[in-house]
Every structure is written in C-alpha cells, then in structure tokens.
Amino acid sequence: WAWVAFCAVVVAMLAVDLLLFGRGGGAITFGAAAIWSVVWTAIGVAFYGVLLAWEGSGPANEYLAGFLIEKSLSIDNLFVFALLFSYFAIPIALQRRVVAMRSRAGMPRRVLASCAWYGTPGTRSRYRPRWLVFAKTRRS
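The numbering used here numbers the first residue of the sequence shown as 91 and each following residue consecutively.
Hints are computed from structural coordinates only; laboratory data are not their basis. Glycine included, C-beta positions come from ideal geometry on N, C-alpha and C. Incorrect hints may appear among the rest.
What follows is a set of in silico ranges between Cβ atoms, one per label pair, in the way DEER data are often shown [stated by the list, open to error]:
#1 Val201 x Glu152: 17 to 23 Å
#2 Met197 x Ala117: 36 to 42 Å
#3 Ala172 x Ala95: 17 to 23 Å
#4 Phe96 x Ala117: 19 to 25 Å
#5 Gly139 x Met191: 15 to 21 Å
#6 Pro149 x Val128: 34 to 40 Å
Below, computed lysine to any residue pairings styled on SDA-like, alpha-carbon distance capped at 20 Å [claimed, not checked]:
#7 Lys161 x Val100
#8 Lys161 x Gly139
#9 Lys161 x Ile180
#10 Lys161 x Val135
#11 Lys161 x Tyr177
#12 Lys161 x Arg200
#13 Lys161 x Leu173
#14 Lys161 x Pro181
#15 Lys161 x Trp144
#16 Lys161 x Ser127
#17 Lys161 x Asn151
#18 Lys161 x Phe120
#19 Lys161 x Ile182
#20 Lys161 x Leu184
#21 Lys161 x Ala183
#22 Lys161 x Arg194
#23 Lys161 x Met103
#24 Lys161 x Met197
#25 Lys161 x Val128
#26 Lys161 x Ala123
#27 Lys161 x Ala124
#28 Lys161 x Tyr138
#29 Lys161 x Leu104
#30 Lys161 x Phe178
#31 Lys161 x Leu108
#32 Lys161 x Ala132
#33 Lys161 x Phe137
#34 Lys161 x Phe171
#35 Lys161 x Ala150
Whole structure, please, built from the sequences with the hints as guidance.
And the structure:
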C-alpha cells in the first residue's frame, strides 16, 4: 500500500505542476519562481523526515544524498537552459513552454528507468545491468 500511496502522491504533484502551473503562457516572475522552488524543496525535505521516522536513518540518508545530487543537477540544468535560451534568442514568453515540453518528453524515460532500477522491492541488485542502459542516456 505504501508504494501505491507514494505513486499517487507523485502523480498528483506532477499533475499540479504540469497541468495547473505549466499551462500559463506568460513569463514567471522571479518571486513566483522562488516561492515555488521553496515549496517543492520543502516537500522533498519533508519526505526525508517521513523516511527517517518510518524506515530509519539508512534509507533516509540515501534519499537525502540523492535529493541533494538531483538539486545540484537541476541548478546545472538552469545554467544550461539560460545559455541555450540566450544563444537561440528564445523570447521570455516562450521559455516556459520549452521547459515544460522538455519535462514532458523526459518523463517516459524516467519512468522506465525507475521501473528497471527498482523492479520488485528487495531485488534491486538483480536489476543493476538494466539500469546501466539508462545511465548512458541520463544527461540529455
């Protein structure tokens, strides 16, 4: 039941992010972007607290390490987006749509990678060779 609840929460958050906030056509203000960044980061850190209370420090610290790595990679992505938007002179009004399209295009691959990595709970090591296939395409 925990995996079902987790997946339902993730799908709900994706729906809120992509369907509710990803549909606007205009530019996002710096203040709005900062607020939503803090909100999503707080949700991620709160999940660390849930894992810490539920599973103990081992799994919680593994999650926190992965969370911090993903945060640093997202900052790297922001820099790359800024360079590409500047180089190709993409208008500010269209930048939001470009980022949303990139996010939607990458989701199926992330779902497949997650399924290959986790497979059946408790058998992660058995799926390691399949994960390496996805690791080669991680930085697109």
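Status of the hints after comparison with the structure:
1. Between Val201 and Glu152 the Cβ separation comes to about 21 Å, which falls inside the hinted range of 17 to 23 Å.
2. Judged by the Cβ atoms, the range 36 to 42 Å given for Met197 and Ala117 is violated: they are separated by roughly 24 Å.
3. Separated by about 37 Å at the C-beta atoms, Ala172 and Ala95 break the suggested range of 17 to 23 Å.
4. In this structure, Phe96 and Ala117 break the distance hint of 19 to 25 Å, their C-beta atoms being roughly 34 Å apart.
5. Checking the proposed 15 to 21 Å range against Gly139 and Met191 shows it is violated: the Cβ atoms sit about 33 Å from each other.
6. At about 25 Å, the CB distance of Pro149 to Val128 disagrees with the hint of 34 to 40 Å.
7. With a CA separation close to 17 Å, the supplied pair Lys161 and Val100 stays within the 20 Å bound.
8. Restraint check for Lys161 and Gly139: satisfied, since their Cα atoms lie roughly 17 Å apart, inside the 20 Å limit.
9. Distance restraint check for Lys161 and Ile180: the Cα-Cα separation of roughly 25 Å exceeds the 20 Å cut-off, and the hinted pair is therefore not satisfied.
10. The straight-line distance between the Cα atoms of Lys161 and Val135 is roughly 11 Å, inside the 20 Å bound, and the hint therefore holds.
11. With a C-alpha separation of about 24 Å, the suggested pairing of Lys161 with Tyr177 is violated against the 20 Å cut-off.
12. Taking the CA atoms of Lys161 and Arg200, the gap is about 16 Å. The hint holds against a cut of 20 Å.
13. Distance restraint check for Lys161 and Leu173: the Cα-Cα separation of roughly 19 Å lies within the 20 Å cut-off, and the hinted pair is therefore satisfied.
14. Distance restraint check for Lys161 and Pro181: the Cα-Cα separation of roughly 26 Å exceeds the 20 Å cut-off, and the hinted pair is therefore not satisfied.
15. A distance of roughly 23 Å separates the Cα atoms of Lys161 and Trp144; the hinted pair therefore is violated under the 20 Å criterion.
16. The hinted pair formed by Lys161 and Ser127 meets the criterion: a straight-line CA distance of about 11 Å does not exceed 20 Å.
17. Restraint check for Lys161 and Asn151: the C-alpha separation of about 15 Å stays at or below 20 Å, so the hint holds.
18. The hinted pair formed by Lys161 and Phe120 meets the criterion: a straight-line CA distance of about 18 Å does not exceed 20 Å.
19. With a C-alpha separation of about 24 Å, the suggested pairing of Lys161 with Ile182 is violated against the 20 Å cut-off.
20. Between Lys161 and Leu184 the CA atoms are separated by roughly 24 Å; this puts the pair beyond 20 Å, and the hint is violated.
21. In summary, the hint linking Lys161 to Ala183 is not supported, as the alpha carbons are separated by about 25 Å, beyond the 20 Å threshold.
22. A distance of roughly 19 Å separates the Cα atoms of Lys161 and Arg194; the hinted pair therefore holds under the 20 Å criterion.
23. Pair hint Lys161 plus Met103 holds up; C-alpha atoms about 17 Å apart against a cutoff of 20 Å.
24. Between Lys161 and Met197 the CA atoms are separated by roughly 17 Å; this keeps the pair inside 20 Å, and the hint holds.
25. Only pairs whose Cα atoms come within 20 Å are accepted, and Lys161 paired with Val128 is accepted, the gap being roughly 12 Å.
26. For the hint linking Lys161 to Ala123, the alpha-carbon distance of about 15 Å falls within 20 Å, and the restraint holds.
27. In summary, the hint linking Lys161 to Ala124 is supported, as the alpha carbons are separated by about 14 Å, within the 20 Å threshold.
28. A distance of roughly 14 Å separates the Cα atoms of Lys161 and Tyr138; the hinted pair therefore holds under the 20 Å criterion.
29. For a cut-off of 20 Å, the pair hint linking Lys161 to Leu104 stands: about 17 Å separates their Cα positions.
30. With a C-alpha separation of about 26 Å, the suggested pairing of Lys161 with Phe178 is violated against the 20 Å cut-off.
31. Distance check on the hinted pair: Lys161 and Leu108 sit about 19 Å apart at the alpha-carbon level, within 20 Å; holds.
32. Taking the CA atoms of Lys161 and Ala132, the gap is near 12 Å; set against the 20 Å cutoff, the hint holds.
33. Only pairs whose Cα atoms come within 20 Å are accepted, and Lys161 paired with Phe137 is accepted, the gap being roughly 15 Å.
34. The straight-line distance between the Cα atoms of Lys161 and Phe171 is roughly 15 Å, inside the 20 Å bound, and the hint therefore holds.
35. For the suggested pair Lys161 and Ala150, the alpha carbons sit about 16 Å apart, so the restraint of at most 20 Å is met.
Violation of the numbered hints given earlier is confined to hints 2, 3, 4, 5, 6, 9, 11, 14, 15, 19, 20, 21, 30; the remaining hints are satisfied by the structure.
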